[in-house]
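Chemist: Sequence:
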Amino acid sequence: MDRTDEYIKHIDTGAQVPLQSSEKTFYDAIITKIELINKRLTKSLSYKELLAVEEQFSSLSSESQHTIDSISLQGSDDLILHFEGIKKIIRMKLKTLESRISKLKDKKMSVPVDLNPERPQTFKKIDQVQIMEEENKRLVEKYNVEGYRLTRQRLLEVEALQDTIFEHLTLQDERIDGIVDIASRAGNCVSKGNNVLDKVGESGKLFRRFMFILLLCMSFILAFLHYYYR
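What the sequence shown shows, in our numbering, is residues 4 to 233, in sequence order.
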(Lines of atoms letter the chains of each structure in order from A and count residues from 1; the text may use other names and numbers.)
(Lines give C-alpha, C1' and ligand atoms only; values in the text may rest on other atoms or scores of the structure.)
Protein backbone atom coordinates (compact mmCIF):
# COMPACT_ATOMS: atom_id res chain seq x y z
CA MET A 1 0.00 0.00 0.00
CA ASP A 2 1.51 3.35 -1.02
CA ARG A 3 1.35 6.62 0.90
CA THR A 4 -1.51 7.95 -1.24
CA ASP A 5 -3.86 5.07 -0.42
CA GLU A 6 -2.88 5.30 3.22
CA TYR A 7 -3.59 9.03 3.28
CA ILE A 8 -6.98 8.59 1.48
CA LYS A 9 -8.07 5.87 3.90
CA HIS A 10 -7.00 8.04 6.82
CA ILE A 11 -8.88 11.14 5.61
CA ASP A 12 -11.88 9.91 3.61
CA THR A 13 -14.72 9.13 6.01
CA GLY A 14 -16.36 6.96 3.40
CA ALA A 15 -13.40 4.63 3.18
CA GLN A 16 -11.61 5.23 6.46
CA VAL A 17 -9.57 2.34 7.87
CA PRO A 18 -8.51 2.65 11.49
CA LEU A 19 -4.70 2.86 11.90
CA GLN A 20 -2.66 1.84 14.90
CA SER A 21 -1.58 4.73 17.14
CA SER A 22 2.08 3.90 16.58
CA GLU A 23 1.90 4.61 12.83
CA LYS A 24 2.93 8.03 11.50
CA THR A 25 1.97 9.65 8.24
CA PHE A 26 4.58 11.12 5.91
CA TYR A 27 3.72 14.69 6.90
CA ASP A 28 3.98 13.84 10.62
CA ALA A 29 7.48 12.52 9.97
CA ILE A 30 8.46 15.70 8.08
CA ILE A 31 7.09 18.00 10.79
CA THR A 32 8.87 15.95 13.49
CA LYS A 33 12.20 16.37 11.67
CA ILE A 34 11.56 20.12 11.33
CA GLU A 35 10.88 20.40 15.06
CA LEU A 36 14.07 18.48 15.85
CA ILE A 37 16.12 20.94 13.79
CA ASN A 38 14.35 23.88 15.48
CA LYS A 39 15.15 22.38 18.87
CA ARG A 40 18.80 22.02 17.90
CA LEU A 41 18.93 25.70 16.88
CA THR A 42 17.92 26.76 20.40
CA LYS A 43 21.39 25.70 21.58
CA SER A 44 24.54 27.80 21.21
CA LEU A 45 26.11 26.50 18.01
CA SER A 46 29.38 27.36 16.33
CA TYR A 47 29.48 28.44 12.69
CA LYS A 48 30.70 24.98 11.67
CA GLU A 49 27.79 23.37 13.51
CA LEU A 50 25.39 25.80 11.82
CA LEU A 51 26.72 24.68 8.44
CA ALA A 52 26.03 21.07 9.42
CA VAL A 53 22.47 22.00 10.45
CA GLU A 54 22.01 23.87 7.18
CA GLU A 55 23.13 20.80 5.24
CA GLN A 56 20.67 18.67 7.24
CA PHE A 57 17.89 21.17 6.49
CA SER A 58 18.72 21.19 2.75
CA SER A 59 18.47 17.41 2.67
CA LEU A 60 15.15 17.50 4.55
CA SER A 61 13.76 20.23 2.29
CA SER A 62 14.66 18.34 -0.88
CA GLU A 63 13.26 15.10 0.49
CA SER A 64 10.02 16.78 1.61
CA GLN A 65 9.51 18.56 -1.70
CA HIS A 66 10.10 15.33 -3.61
CA THR A 67 7.63 13.47 -1.39
CA ILE A 68 4.94 16.15 -1.76
CA ASP A 69 5.38 16.40 -5.51
CA SER A 70 5.24 12.63 -5.97
CA ILE A 71 1.80 12.34 -4.36
CA SER A 72 -1.20 12.74 -6.63
CA LEU A 73 -4.64 12.62 -5.01
CA GLN A 74 -7.92 11.71 -6.59
CA GLY A 75 -11.00 12.28 -4.49
CA SER A 76 -13.42 14.87 -3.23
CA ASP A 77 -12.69 18.58 -3.23
CA ASP A 78 -12.48 18.57 0.57
CA LEU A 79 -9.84 15.88 0.46
CA ILE A 80 -7.77 17.77 -2.12
CA LEU A 81 -8.11 21.05 -0.19
CA HIS A 82 -7.08 19.31 3.01
CA PHE A 83 -3.97 17.87 1.36
CA GLU A 84 -3.11 21.25 -0.16
CA GLY A 85 -3.37 22.77 3.30
CA ILE A 86 -0.93 20.19 4.65
CA LYS A 87 1.53 20.97 1.86
CA LYS A 88 1.22 24.70 2.56
CA ILE A 89 1.88 24.16 6.27
CA ILE A 90 4.97 22.05 5.55
CA ARG A 91 6.34 24.61 3.09
CA MET A 92 5.67 27.45 5.54
CA LYS A 93 7.54 25.60 8.32
CA LEU A 94 10.44 24.89 5.98
CA LYS A 95 10.57 28.54 4.90
CA THR A 96 10.52 29.73 8.52
CA LEU A 97 13.29 27.29 9.44
CA GLU A 98 15.40 28.39 6.45
CA SER A 99 15.03 32.04 7.47
CA ARG A 100 16.05 31.23 11.04
CA ILE A 101 19.18 29.39 9.93
CA SER A 102 20.11 32.27 7.61
CA LYS A 103 19.76 34.83 10.41
CA LEU A 104 21.92 32.76 12.76
CA LYS A 105 24.61 32.46 10.07
CA ASP A 106 24.59 36.23 9.47
CA LYS A 107 24.92 36.81 13.19
CA LYS A 108 27.91 34.46 13.41
CA MET A 109 29.59 36.07 10.39
CA SER A 110 29.45 39.58 11.85
CA VAL A 111 32.81 40.87 13.16
CA PRO A 112 32.72 42.18 16.75
CA VAL A 113 35.23 44.97 17.53
CA ASP A 114 35.66 45.62 21.24
CA LEU A 115 36.42 49.37 21.46
CA ASN A 116 35.09 49.54 25.00
CA PRO A 117 35.38 46.39 27.14
CA GLU A 118 32.08 47.22 28.81
CA ARG A 119 30.21 47.96 25.57
CA PRO A 120 31.30 45.75 22.63
CA GLN A 121 30.12 46.99 19.24
CA THR A 122 29.75 45.37 15.83
CA PHE A 123 31.18 47.16 12.81
CA LYS A 124 29.07 46.63 9.73
CA LYS A 125 28.99 50.06 8.10
CA ILE A 126 31.23 50.78 5.14
CA ASP A 127 32.64 54.03 6.56
CA GLN A 128 33.75 52.26 9.73
CA VAL A 129 35.49 49.58 7.69
CA GLN A 130 37.26 52.29 5.67
CA ILE A 131 38.43 53.98 8.88
CA MET A 132 39.89 50.68 10.08
CA GLU A 133 41.65 50.13 6.73
CA GLU A 134 43.19 53.62 6.84
CA GLU A 135 44.37 53.06 10.40
CA ASN A 136 45.95 49.75 9.40
CA LYS A 137 47.65 51.45 6.47
CA ARG A 138 49.11 54.13 8.75
CA LEU A 139 50.39 51.50 11.15
CA VAL A 140 52.03 49.57 8.31
CA GLU A 141 53.72 52.74 7.02
CA LYS A 142 54.93 53.57 10.52
CA TYR A 143 56.43 50.11 10.97
CA ASN A 144 58.07 50.30 7.53
CA VAL A 145 59.73 53.65 8.37
CA GLU A 146 60.90 52.37 11.74
CA GLY A 147 62.24 49.19 10.14
CA TYR A 148 64.12 51.23 7.51
CA ARG A 149 65.65 53.42 10.22
CA LEU A 150 66.82 50.45 12.27
CA THR A 151 68.22 48.71 9.18
CA ARG A 152 70.18 51.81 8.16
CA GLN A 153 71.55 52.17 11.69
CA ARG A 154 72.72 48.54 11.66
CA LEU A 155 74.39 49.04 8.28
CA LEU A 156 76.25 52.12 9.55
CA GLU A 157 77.45 50.17 12.59
CA VAL A 158 78.67 47.33 10.37
CA GLU A 159 80.44 49.81 8.08
CA ALA A 160 82.18 51.45 11.06
CA LEU A 161 83.27 48.01 12.32
CA GLN A 162 84.66 47.15 8.88
CA ASP A 163 86.65 50.41 8.82
CA THR A 164 88.12 49.63 12.24
CA ILE A 165 89.11 46.13 11.17
CA PHE A 166 90.69 47.52 7.98
CA GLU A 167 92.76 50.01 10.01
CA HIS A 168 94.02 47.27 12.32
CA LEU A 169 94.94 45.06 9.36
CA THR A 170 96.81 47.95 7.69
CA LEU A 171 98.74 48.70 10.87
CA GLN A 172 99.59 45.01 11.26
CA ASP A 173 100.83 44.85 7.66
CA GLU A 174 103.07 47.87 8.29
CA ARG A 175 104.53 46.23 11.41
CA ILE A 176 105.15 43.00 9.53
CA ASP A 177 106.86 44.91 6.73
CA GLY A 178 109.09 46.62 9.32
CA ILE A 179 109.99 43.29 10.93
CA VAL A 180 110.78 41.79 7.52
CA ASP A 181 113.01 44.79 6.72
CA ILE A 182 114.84 44.45 10.02
CA ALA A 183 115.35 40.74 9.41
CA SER A 184 116.69 41.48 5.95
CA ARG A 185 119.15 44.00 7.34
CA ALA A 186 120.20 41.54 10.02
CA GLY A 187 120.82 38.94 7.33
CA ASN A 188 123.03 41.37 5.46
CA CYS A 189 124.90 42.13 8.64
CA VAL A 190 125.45 38.42 9.28
CA SER A 191 126.72 37.96 5.76
CA LYS A 192 129.11 40.88 6.10
CA GLY A 193 130.20 39.64 9.50
CA ASN A 194 130.94 36.21 8.11
CA ASN A 195 133.06 37.79 5.39
CA VAL A 196 135.00 39.77 7.98
CA LEU A 197 135.44 36.72 10.16
CA ASP A 198 136.70 34.73 7.19
CA LYS A 199 139.32 37.35 6.63
CA VAL A 200 140.33 37.49 10.24
CA GLY A 201 140.98 33.73 10.29
CA GLU A 202 141.82 31.73 13.33
CA SER A 203 142.45 34.83 15.40
CA GLY A 204 138.83 35.83 15.03
CA LYS A 205 137.23 32.64 16.37
CA LEU A 206 136.26 34.25 19.62
CA PHE A 207 134.88 37.31 17.87
CA ARG A 208 132.97 35.09 15.44
CA ARG A 209 131.43 33.16 18.29
CA PHE A 210 130.44 36.41 19.94
CA MET A 211 128.84 37.71 16.77
CA PHE A 212 127.00 34.42 16.24
CA ILE A 213 125.52 34.54 19.72
CA LEU A 214 124.60 38.22 19.25
CA LEU A 215 122.88 37.57 15.94
CA LEU A 216 121.09 34.53 17.38
CA CYS A 217 119.75 36.68 20.21
CA MET A 218 118.65 39.34 17.72
CA SER A 219 116.81 36.68 15.71
CA PHE A 220 114.91 35.52 18.82
CA ILE A 221 114.05 39.12 19.65
CA LEU A 222 112.76 39.76 16.11
CA ALA A 223 110.69 36.56 16.19
CA PHE A 224 109.20 37.57 19.57
CA LEU A 225 108.32 41.04 18.23
CA HIS A 226 106.72 39.47 15.17
CA TYR A 227 104.41 37.19 17.17
CA TYR A 228 103.70 39.89 19.74
CA TYR A 229 102.42 42.42 17.19
CA ARG A 230 100.35 39.97 15.13
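Careful: at least some of the hints might be erroneous.
List time: in silico SDA-like cross-link candidates among lysine to any residue, alpha-carbon distance up to 25 Å [stated by the list, open to error]:
1. 51 x 99
2. 98 x 88
3. 98 x 85
4. 36 x 78
Derived by calculation from the structure, the hints in this document are not laboratory data. Computed from a prediction, not measured in an experiment: that's the story for all the values here.
Chemist: Would the hint linking residue 98 and residue 85 be met if the CA-CA limit is 25 Å?
Modeler: The hint holds at about 20 Å.
Chemist: Is the hinted pair residue 36 and residue 78 satisfied, with a Cα-Cα distance of at most 25 Å?
Modeler: Distance ~29 Å between residue 36 and residue 78 Cα, so the pair is violated.
Chemist: Verify the proposed pairing of residue 98 with residue 88, using a straight-line Cα cut of 25 Å.
Modeler: Given that 25 Å is the threshold and the Cα spacing comes to 15 Å, the pair holds.
Chemist: Decide if the proposed pair is consistent with the structure: residue 51 and residue 99, CA atoms, cutoff 25 Å inclusive.
Modeler: Given pair residue 51, residue 99 holds - Cα atoms ~21 Å apart, limit 25 Å.
In the structure shown, a violation is registered for the earlier hint numbered 4 alone.
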